[in-house]
Structures are given as C-alpha cells and as structure tokens.
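Residues per chain are reported as follows:
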Amino acid sequence: MKYHHLLLAAGALALGAQGATAQDLTVTSFGGAYGAAQQEHMIDPYVAATGTNILFEDYGGGVAEMKAQSESGNIQWDVVDIEVIDLERACSEGYVAVIDHSILPPGDDGTPAAEDFIPEALHECGVGNIVWSIIFAHSDDAYPDGGPQTIVDFFDTENFPGKRGLRKRPQVNMEWALMADGVAPEEVYEVLATEEGQQRAFDKLDTIKDDIVWYDSWSQAPVLLNDGGAQMVQSANGRIFAAIKDEGAPFTMIWDSHVYDLDVWAVMEGTEKMDTALDFIKSATMTIPLSGMQDVAYGPTRRSAQALLPEDIKQDLPTAHLDKGLKADGIFWADFGESLGEKFNEWLLQ
Amino acid sequence: MRAFPEYFTFWHIAGHYALRITAYIVLAFLILPILVIVPLSFNAEPFFTFTPGMLALDPEAYSLRWYNEIITDQKWTLAIWNSFVIGVAAAILATVLGTVAAVGLASPWMPFKRLITALLLSPMIVPLIIIAAGMFFFYTTFGLVGTYAGLIIAHAALGVPFVIITVTATLAGFDRTLFSAGLSLGASPVKVFWDVVIPLIRPGVISGGLFAFVTSFDEVVLVLFLAGPEQRTIPRQMFSGLREQINPTILAVATLLVILSIALLVTLEILRRRTERLRGSR
Amino acid sequence: MVKAHQHRLPPEDARNAAREVRARRLRAFLFVAPLLAFITFAFVAPIASMLFRSAYNPTVADLVPDSLQALADWDGEARPSDAALTQFAIDLKRLANDRTSGQLAEEVNRFLPGTSSVVKSTARQLRRVEDTTLADTGATLLLEANAAWSEPGIWRALRKAGQTYTSSYYLTALDLEQTRDGSIQQRDTKIYLQLYSKTLWMALIITLLTLILGYPLAFHMAHSSTSHANFLMVFVLLPFWTSLLVRTTSWIALLQTNGVVNSTLMALGLTGDPLEMLYTQFSTIIAMTHILLPFMVLPLYSVMRGIDPSYMRAAMSMGSRPIPAFLRIYLPMSLPGLSAGALLVFIISVGYYITPALVGGTDGQMISNIIAFHMQQSNNWELAAALGSLLLFLIVALYWLYDKFIGAGNIKLG
Numbered sequence: 001m002k003y004h005h006l007l008l009a010a011g012a013l014a015l016g017a018q019g020a021t022a023q024d025l026t027v028t029s030f031g032g033a034y035g036a037a038q039q040e041h042m043i044d045p046y047v048a049a050t051g052t053n054i055l056f057e058d059y060g061g062g063v064a065e066m067k068a069q070s071e072s073g074n075i076q077w078d079v080v081d082i083e084v085i086d087l088e089r090a091c092s093e094g095y096v097a098v099i100d101h102s103i104l105p106p107g108d109d110g111t112p113a114a115e116d117f118i119p120e121a122l123h124e125c126g127v128g129n130i131v132w133s134i135i136f137a138h139s140d141d142a143y144p145d146g147g148p149q150t151i152v153d154f155f156d157t158e159n160f161p162g163k164r165g166l167r168k169r170p171q172v173n174m175e176w177a178l179m180a181d182g183v184a185p186e187e188v189y190e191v192l193a194t195e196e197g198q199q200r201a202f203d204k205l206d207t208i209k210d211d212i213v214w215y216d217s218w219s220q221a222p223v224l225l226n227d228g229g230a231q232m233v234q235s236a237n238g239r240i241f242a243a244i245k246d247e248g249a250p251f252t253m254i255w256d257s258h259v260y261d262l263d264v265w266a267v268m269e270g271t272e273k274m275d276t277a278l279d280f281i282k283s284a285t286m287t288i289p290l291s292g293m294q295d296v297a298y299g300p301t302r303r304s305a306q307a308l309l310p311e312d313i314k315q316d317l318p319t320a321h322l323d324k325g326l327k328a329d330g331i332f333w334a335d336f337g338e339s340l341g342e343k344f345n346e347w348l349l350q
Numbered sequence: 001m002r003a004f005p006e007y008f009t010f011w012h013i014a015g016h017y018a019l020r021i022t023a024y025i026v027l028a029f030l031i032l033p034i035l036v037i038v039p040l041s042f043n044a045e046p047f048f049t050f051t052p053g054m055l056a057l058d059p060e061a062y063s064l065r066w067y068n069e070i071i072t073d074q075k076w077t078l079a080i081w082n083s084f085v086i087g088v089a090a091a092i093l094a095t096v097l098g099t100v101a102a103v104g105l106a107s108p109w110m111p112f113k114r115l116i117t118a119l120l121l122s123p124m125i126v127p128l129i130i131i132a133a134g135m136f137f138f139y140t141t142f143g144l145v146g147t148y149a150g151l152i153i154a155h156a157a158l159g160v161p162f163v164i165i166t167v168t169a170t171l172a173g174f175d176r177t178l179f180s181a182g183l184s185l186g187a188s189p190v191k192v193f194w195d196v197v198i199p200l201i202r203p204g205v206i207s208g209g210l211f212a213f214v215t216s217f218d219e220v221v222l223v224l225f226l227a228g229p230e231q232r233t234i235p236r237q238m239f240s241g242l243r244e245q246i247n248p249t250i251l252a253v254a255t256l257l258v259i260l261s262i263a264l265l266v267t268l269e270i271l272r273r274r275t276e277r278l279r280g281s282r
Numbered sequence: 001m002v003k004a005h006q007h008r009l010p011p012e013d014a015r016n017a018a019r020e021v022r023a024r025r026l027r028a029f030l031f032v033a034p035l036l037a038f039i040t041f042a043f044v045a046p047i048a049s050m051l052f053r054s055a056y057n058p059t060v061a062d063l064v065p066d067s068l069q070a071l072a073d074w075d076g077e078a079r080p081s082d083a084a085l086t087q088f089a090i091d092l093k094r095l096a097n098d099r100t101s102g103q104l105a106e107e108v109n110r111f112l113p114g115t116s117s118v119v120k121s122t123a124r125q126l127r128r129v130e131d132t133t134l135a136d137t138g139a140t141l142l143l144e145a146n147a148a149w150s151e152p153g154i155w156r157a158l159r160k161a162g163q164t165y166t167s168s169y170y171l172t173a174l175d176l177e178q179t180r181d182g183s184i185q186q187r188d189t190k191i192y193l194q195l196y197s198k199t200l201w202m203a204l205i206i207t208l209l210t211l212i213l214g215y216p217l218a219f220h221m222a223h224s225s226t227s228h229a230n231f232l233m234v235f236v237l238l239p240f241w242t243s244l245l246v247r248t249t250s251w252i253a254l255l256q257t258n259g260v261v262n263s264t265l266m267a268l269g270l271t272g273d274p275l276e277m278l279y280t281q282f283s284t285i286i287a288m289t290h291i292l293l294p295f296m297v298l299p300l301y302s303v304m305r306g307i308d309p310s311y312m313r314a315a316m317s318m319g320s321r322p323i324p325a326f327l328r329i330y331l332p333m334s335l336p337g338l339s340a341g342a343l344l345v346f347i348i349s350v351g352y353y354i355t356p357a358l359v360g361g362t363d364g365q366m367i368s369n370i371i372a373f374h375m376q377q378s379n380n381w382e383l384a385a386a387l388g389s390l391l392l393f394l395i396v397a398l399y400w401l402y403d404k405f406i407g408a409g410n411i412k413l414g
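Chains as they are written, first to last, in this note's numbering: chain A, 1 to 350; chain B, 1 to 282; chain C, 1 to 414.
Please note: incorrect hints may appear among the correct ones.
Pairs of lysine to aspartate or glutamate residues, derived as DMTMM-like cross-links and limited to a Cα-Cα distance of at most 25 Å, are as follows [as the list claims (entries may be wrong)]: (1) K343/A x E151/C; (2) K160/C x D181/C; (3) K113/B x E20/C; (4) K343/A x D188/C.
Derived by calculation from the structure, the hints in this document are not laboratory data. What you are looking at is a predicted structure, and each value in this text was computed from that prediction instead of being measured.
Could you put together the complete structure from these sequences and hints?
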C-alpha cells in the first residue's frame, strides 16, 4: 500500500464523517419509558412529516451540561426537555432562549394556544409538555406485611429497613426531609430559605444516609427496585407506572407528599438551528402528541389534550392527587439551586 | 511428574506447585471476568444476570435480541461508525507524523534528543482527565470542541507515543548505513525514506498504527469532554449506558469488542514474528 | 568533538565540517519538526492553558468593572459607600436583563458560600426597576431587596472574586483559605486533601495487589518454555487489548446485587443475603486491579525472562534455603521490572477516572472524579484546573524521582 493513499483516505473519511452523519436537530430528554413515549408520539411523527433527522439524546436533568455548553460557546444541543425546577434557573441565567408563544398553534378543538395551555405551562423560556410528579415507590416483595405509606415511613429505617434510592441532587430530597420532619407543605420553601432550615433538612437526611443509594437519572429508579439495589425509590411517577403496567412489576406507588412539577420544552440559547427547534416544539406540543403522554401516566398541559384522556387513566395522573402534594418551586431553586447544590455535595463527601 | 534436582526437599516441591497454582489462579482472574459477559449477552431478559432458564440451558432463555438492538438502534450504529472514522483518522495522523519523527529521533545528530523524546512521549503518562480538561479549555478557543476534527487531533496526540515507541524499536535494528548508501547513490532524503526506510520498518509502523487505533477506539474520557452528541463513540455510548440504563445491549457490544481484540492480538503477533524474521534476530 | 579536531584541520575544512554537522542536525530536526508542532498544539498548549486557567479568572472583572472600580478604595471594614451600592445595583440590573447575573452569583458564591441566592434573588427584583429610579435610590433598593448587602463580608467576597489573577483556587484545592489579614489558614471542612490521600492510598493498595498477583504469574511464565510462555501470554494480552469499558462492564455484571458472584456465593451457601459489593471502594479497587494487572505483569516478565535461573539453582544447590536465596538473589535482579511495573500501575491509578465513576459509588471516588465533577457538574473550571495542576505536579514529581533513582528507560511495553 502506498502511504500517501492512506493520507487521502484519511481526508476522505474525515469529510465523509461530516457529511454522512450531520444531524438536523439534537433533542435531549430523560430516556427510559418516558423517552420511549416521546419517541413514539412526538419524535417519530415529526420525523415522518418533515424528514428532519433527529438525534434523540438522554440526559440526567440539571443545568450543568447546558451551562458548560453556554459558557464555553459550544452549543451542542438544540431542544431540551427540562423540569421547571431547573427551567427558572436556566432561563434567568440565559442557557435557554426566550420563546414567543404566539407561534404556537391552537388546540385541535380550535381553542387559541394562550387559553388552551394551563397557565403555568407557558413559561417565558418554555412550552409546557407534561404535568408529572416525584413520588416514591416500594417493592412488594421486600415488604410482604405492608410497606411504607407516608414520607415519615420513608425516613423510618427502623420499621421499614432497606435501601432507599434517591436521585443525587438536593431538589425534592430537601423538601421531603423537611416534610418528614413535620414541616407543613406550604411552609417548606420558607423554612428551606433559612440557614437553620437547611441544616434541619440535612440532619434529617443524615438519619438515613447510610441506607441511601444515589442514582443519576430517572431511568435508573425502576431498575434499582427491580434488581434489588434498593427496596424503595424516589421516582418520576410515570416510570413506576410503566414498570407496573408493561412488565407487571410488583411495585406500589405512594402519593403521600409527592412533589409535582411541570416539564417543558425549551430551546438552547445560541443554537444555530433555532428555526427547526421551534418548529419541532410547535409540533410536539400539539393536542395529539401531548395526549400520548398518558402512556406513562403524565398529564398533558393542554386542556384540549386532557379532554381526550380515557376516564380510567385519570386516577393514575398527578392531577388526581394534588391535595397530597407540594408544588415544586422553580424560583426557589433558581435562587438556591447553586448554593444548596454545593452544600449538598459537601454533605455527600462527609 | 517432572524430575526435580536431588537437593530439592519436600518444601521446594510444594513451593513449586503452589507457585504454579497461584499463577493459574491469577490467569483465571485475568480472563474469566471477560468471558463471563459472553453468555450473558445472549440473555432473553433485559437483565445483567443469569436467569434460571439460562442456567438450565433452556434455549428459550437465550436470544439474539440485544445483537439485533445494536443494528437497529440509530445511536449504536452512529457510535460504531464514529469509532471507526475517528480511530482510523487519528491512527493515520499519528502514524504518519510519528513515523517520520521516529526516523529523525533515531539519527545520532538529533539535537535535544532526550528532551524532545520525553515531550513526545508525555501524553502517555499525563492522566486523561487532565488532558481532557486542558483540551476542553484550549480547543474551545479554536471551535474544535464538538467536532470530528477536534477528536481526531486529540486522539492522534494520545496515539503518537505508541507509534514512536514501536517504530523506534524497529529502527533500533535498522542499519543506518543503508540510509547513507541511498544518499550517496544520489537519491533525495525523501526518496530514500520512502523506498528504503519504510519497507524495512513497515511491521513497526503497522503495529504502531494499530496501537494508535486501539488507543482511540478505546478512549472515552476525552470523548466525554470534547465530543458533541454527533460524535459519540462506542465507549461513550457504553459509558452512558452503564450510568443511566443498564441493558444487555452493552454486553452484546462488549462481546463484539472482545472478538475484535482477539483479532487485533493475532494481527500483532503475526507482525511481531515478521519483524523478528526480517531482523533475523532470535 | 568537532572542537578537539579544530587545531589540526585547516580552517576551511573545519568550517565545512561544522557546516556539515549543522546540516545533519537540521535534517534530523526537520523530520521531528512536524510532530513537534502538532504535539505542541494538540497537547502541550492545552496543558499549559489548564495551568494558566488555575490562576486566571476574569469573569467578575469583565461583568462588573464599574462596581469593582467603585469598591477600589473601600477600606473593607464598614458597609461600602452608597455610591458604590448604587453602582452595583445598576450593574446588577444590567446583568439580570442580559441574563448573566447567574454567572456573577456563582463566582461570588465561591468566596462566600450561600451568596448565590442573595445575588440571584436581588437581581430578579431589580430587573424591572426603572433606570432613573435605580440611579437615585439604588442603594436603598439593594438593601431592601436583601439585608445581606449591609454586611461587609459579601462586598469583600465580591472584591475578591473580581481579582483576575488569584491563588485562591490553589488554596481551596489544598483546603486552605486566606483570612482578612492576609494570613493563610486551614478550612473547617477538609475535602480535597482527604480525597488526595484517599486516592494515593487506593493507588498504593492497587499497586500492591497487582504486585502480589503479578509477580508469581510473571515468574511462572518467565521460567516456562518459550512456547508455553507465549501461550500464557495470550491470557495476559487479551485483557490488555480488551476495551476498558468492556472490563468495567464485566465487573458490574459480576459484582451487582443479583450478580454472578453473589449468586455463586449464595448457591454455595457461603452467605444468606447478597453482599453489597458494587458501587463501593471495594469494587473500584478490585476492578482496577484487574484492569491494571497486565501493566505489572508485562515489565516484570520482560525483566525476569532475562534472569538466568542458574543463579538461583547454584545458591540452592549450595544449601541456601529457597526464601533467602530468592530474597538475596532473584528479587534484586527482578527489581527493574518490579519498579517499572509498580510505577506504571501507581501513576495510572492515581489519575484514573472511568472505573471509579462507574463502579465507585460514593466512597470509591478518586481525585479525577472530583475534577470531572467540577468540570461538568459544578462548572467551577478554575478549581478543576487547580486540582488538575496539583495532580499533574504530583505525577511529574513521581516520575522524576523514579527517573532519578531507577531510570525511565526500564519502562517497556511488553
């Protein structure tokens, strides 16, 4: 073989790499059962209709990756599915772009978008996707005589021994710790804004620290319960729902002190594919795609989509349990996410 | 039973066998963990564990579904394509630059030889996380993060030391008078390089190139920091799979990679034997 | 050498000889030059930029230059002047509307933990205030937004964050801090030193384990017949050539709660409940020992292969017992391979990232993982750079010591 041919080949390969795999749009979301539902109801129809090539990536939530892209100027994602708990921060810090809601199409019943979406769903930087909830679930096999029923039980390692799977971040864990310690849901964020309140939450978490299994992404929660890595886990409600429904997993969901939140579609600030990204969001948040999210027990954020839900699914949606829950406070976490995140990591290393 | 020298006592012999057994246990420790994933990759269930059906050798408990997943999942096909493109391009870049440089380094006239050699080999001892952080800072200013070019350059830098080492080793057995002879016959240094030096050191060059390819093919830390979603490679895909959603597709990929490394090992062994034959040594 | 001959040669010849030498040196150098340029760009410059980054951070100085100017002659004791406060309120509103107030909050928070929420919530409140109102009553509004602005501490933190060149990241990386009078003291929480010592400790254990496992294997291989040794070598080289991710995957399959090891132990009745092995320090150490073992075996083998077994035989035939004979004769002869293997394994494990990240859980994390954490999660790139620089100094020092006492030439790749 002549060596300069190799050089040419290398050049050709490098060029081919650019040409053959250029993606039209990179969309990130949380993977697992939820990702599969989005793939089916939002991604696939859009790809079929427009021929746009979509790279559908998983990520674990949080703002760190967006921040790194934004601060280094390498914008690699285009559209992100983001929890409102993180959205407020991503928006006020300029990682995601401001979206003009007038571009959104009306609902299938003709209601204009501004009225069709529930109010919280139209955020300065995002367009509502689902209403969902962070609950905990336990494995029936681990507790044959009845498992934990309340958030107090979750923190009670004496009566309910076993590993607890929690997502590795302060969000929701701090709220749960305070509620388990007797703080009323409506006072949780007030208490958490004080130094003493934060210490109180850490002290409560300390009581179960040795029994905690930390995980990084929602899709791990049902896996942990299934593989025996944990006997109870914090999870997005849809993941446990899907595991019970699709695989007949012996899990029980507990709605006590659940923390409910919205998930929205947002666009990375500085992406070169702004138009395609907005076009995708328009399509993904129409009535029919949104109503598909009931597959994983998440409530759609358009009233016209809610109307399409079958009766029997409704008791599995977070909206049926709002009285037992706490609304996640995006503004609180925008202000405190960073400093509490830092304290949380120091606490982890102690 | 082999014969032992007569001054050997019982303890000598016991020690001899103990050593032998230890050596085989260590070999088992080296190899068994790699082999255990092969049967698991044919699991019909989405778990990393042997199901009762698998242990009973029930054919129903085995399936090729995870291999099918590799072919049908766009993320895996993209990752495989990326791994080969980046690996081959980085290996070629490292091999071309490294081979030419090794010839220079082998010259007795080379100035600052020790310093320059140390510099060129240093990517081998600096921890990847440090290289990755540094490259992230520096490549950002040139817009190289999230591009194929950036990854190819980064991986080529990691592969260079291996090329230098293997080519220098073959050059050590190379008779430098051949170079001078070529020059004295009126050929240009470049022509002598292509027509005389390269054919003689070819096995070293190829094994250096293979080392460089494997280095890139296996590398994940730099990919984690420098690649965008479009440049995800096989190890990167495995890494996120192991972190986020463990399923046996990873085991199927791992099995294929084991087969690939066996093929590489055989190739390298053939090359090594050729070098020895060419040099007429041993 | 050329000089020594000079007085014997006619000046013309000497000049020609010197020119010839220069030409040859240049020619040799030209062969190396392309690679040298490449490595300088692709590798050396990135390392240099990391070292630079660890002491250089212009973010705050770029974000609020006017406020820093206004704070320049503040004594650092009482609350700064109303003019300075107003200037800062104006700056903060501008940042809030540019959506860059988060960056400022993050930087100041590093010097006074808890400040980020103060900055962010104040920025949120000032965002809608009219410019003219702000120019008149900025100081009052700032204090109304959050009482923390009346404390001098937060302003000292701001001023400190405004320094473009700083040693503070190195201090943090060493669990130190600078007090107000400029002296340096230990921080209350010791995170990083603990992590460094844990990393070194784990690397040491891994090195010892690879040595204990690798030495008998290499010995056995080195003193087998060539064909047998080559056959056994396949079992060492196959793991060596197998992807690191594959080997880590194997250990996950082996060690997880319902994994192969636990199933076997339970089937044998050795344990009733599955042991927790994955996501611990134990799993990190065992997986890394497996992964790094070939790096110990290969140099040991190549040195041992060159040791003539007749020395040992001679000693033993003269009545020396095996262990003293081994310690006094064989061990010293195998030392070059042993030290090369140990250095390789130790250096590689100190900087290891992937395996601890995947199987380490919380207590199996090493220094590389915290560097990655600050690069990717907390986005404190300067601290990551400082931690990385310290790690780099450590490794260069180890390597230098090794080269000085043993000689780096012993390191071979199989």
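Hint by hint, which ones does this structure get wrong, listed from lowest number up? none
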